[in-house]
Amino acid sequence: MAETDLELMRRISARDGGAFETLYQRYAPACYGVALRVLHQAFLAQEVVHDAFLAMWNAPDAYDPTRGPFRSYLLSLVHHRAVDAVRREERLRARERRANPEPPAVEDVMEAVAEEADLADRRRQVKEALASLPEEQRRLVELMYFRGWTQSRIADEEGIPIGTVKSRVFAAMRRLREALS
Amino acid sequence: MSWDHDRVEELMAAHVLDGLDPEDQALAERALLEHIPGCARCRRALDGFRMVAGDLALAAPSVAPPDPLLPRVRRSLSPPRRRRAWPAWALGVGAAVVLIGMSGWTLSMVAGLAGRLDDAQRTQGWLVDALSTATYPSSRVLPLEGANEARVSVLSIPGGEQSYLMATNLPEPAHAYQVWFQGGGEVWHAGTLEVFHGWAMMPVETNPDRWETVLLTDEPRGRPAPRASPLVSATVA
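Protein chains in written order, with the numbering used here: chain V, 1 to 181; chain B, 1001 to 1237.
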């Protein structure tokens, strides 16, 4: 039977490289998938995944198993770094656009991979929960999560009051929490 | 300050999605410090939102990372080894010459690959990573300038956390070459640049875009901030 994430994390705390590689094989495709979805650039996505796994190796105790599953912790780590990177990239692109109006090439490499049954089940649940949200809530969550937009940017771009953005995101997150708990 | 649980919960819902604007983010961080540790209700709410935020990543399709990523991660996991001086291991046979054409000038790197296999492998790893960085379409070269023959550049990718400092035509230092990054009132000593026959390279764990200036000085190790005038420097645009 496969070792649990928690068992592997305990071994990583004891500096076991084999446990690290098992977790890498288990989660790297999901991590790379979300990084690529946010960044749309393979190199930047690799940087983000590299840095997140390195952070996990360097500070395994940062994961507190009483606060939730390891999977969510690691994916949050990757997502957070991807959003930071996409915002930096956008600032740089804006600077570049002022100097050179030619738009940069955007990569979008998509190659679905097989994954363990538990992760595939969870993926299905997440997609169903997201699809069950009212369209106006789902869209705002996706803009925030996958494009890295802040609440005020969403309000500006979508032409809706910021208070509405806040309340829709809050309502969506409550529904998702309920559906996924 | 008294905290309203619903307001804290609303802040946390957007905080875990990285969607708060700076003012609300500051408020959320304050709540995380002042309120949430002592409030079981808000702590539970936050844990639930964190789980959602992590798992939302699964709404994106899984994609196999490129094969070279795992070896690169493995190299990064290796505990840092004490570096031997370049001349000691570089006196043997063999050399790798890497020519990288950048911004109108050519940088040649010579690394002697004898003696310790560890050192040679690590240097090769740097060279491969630096080449990979240099050939990436949006790679950036930040030239450091000064009143001398030295050619020094920092190679990076926007958003990346790993850069490479490369140098050629470096005169023998009186003490040692120190690499510094400065910005926002902070000074960071990135390391000591070890020179071999005028050539040098080192990986730097930052992106120049995070800083305002990059400096290379010739001075003794161990100083908290540069005191010598820079041999070369650059202002990050």
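Simulated from the structure, these hints should not be mistaken for laboratory data. Incorrect hints may appear among the rest.
Some, not all, of what chain B presents toward chain V, calculated at C-beta under 10 angstroms [claimed, not checked]:
| id | residue |
| --- | --- |
| 1 | Leu1011 |
| 2 | Arg1050 |
| 3 | Val1141 |
This structure is a prediction, so every number in the text was calculated from the model and none was measured. Glycine included, each C-beta is placed from N, C-alpha and C at the ideal position.
Hints, verified against the model:
The beta carbon of B:Leu1011 is positioned within 10 angstroms of a beta carbon in chain V (closest approach about 9 angstroms), and the interface hint is therefore held. Checking B:Arg1050 against chain V by beta carbon gives a least distance of about 6 angstroms; that is within 10 angstroms, so the hint holds. Proximity of B:Val1141 to chain V is violated relative to the hint, the smallest CB-CB distance being about 14 angstroms (cut-off 10 angstroms).
Taken one by one, the earlier hints fail for this structure only at number 3.
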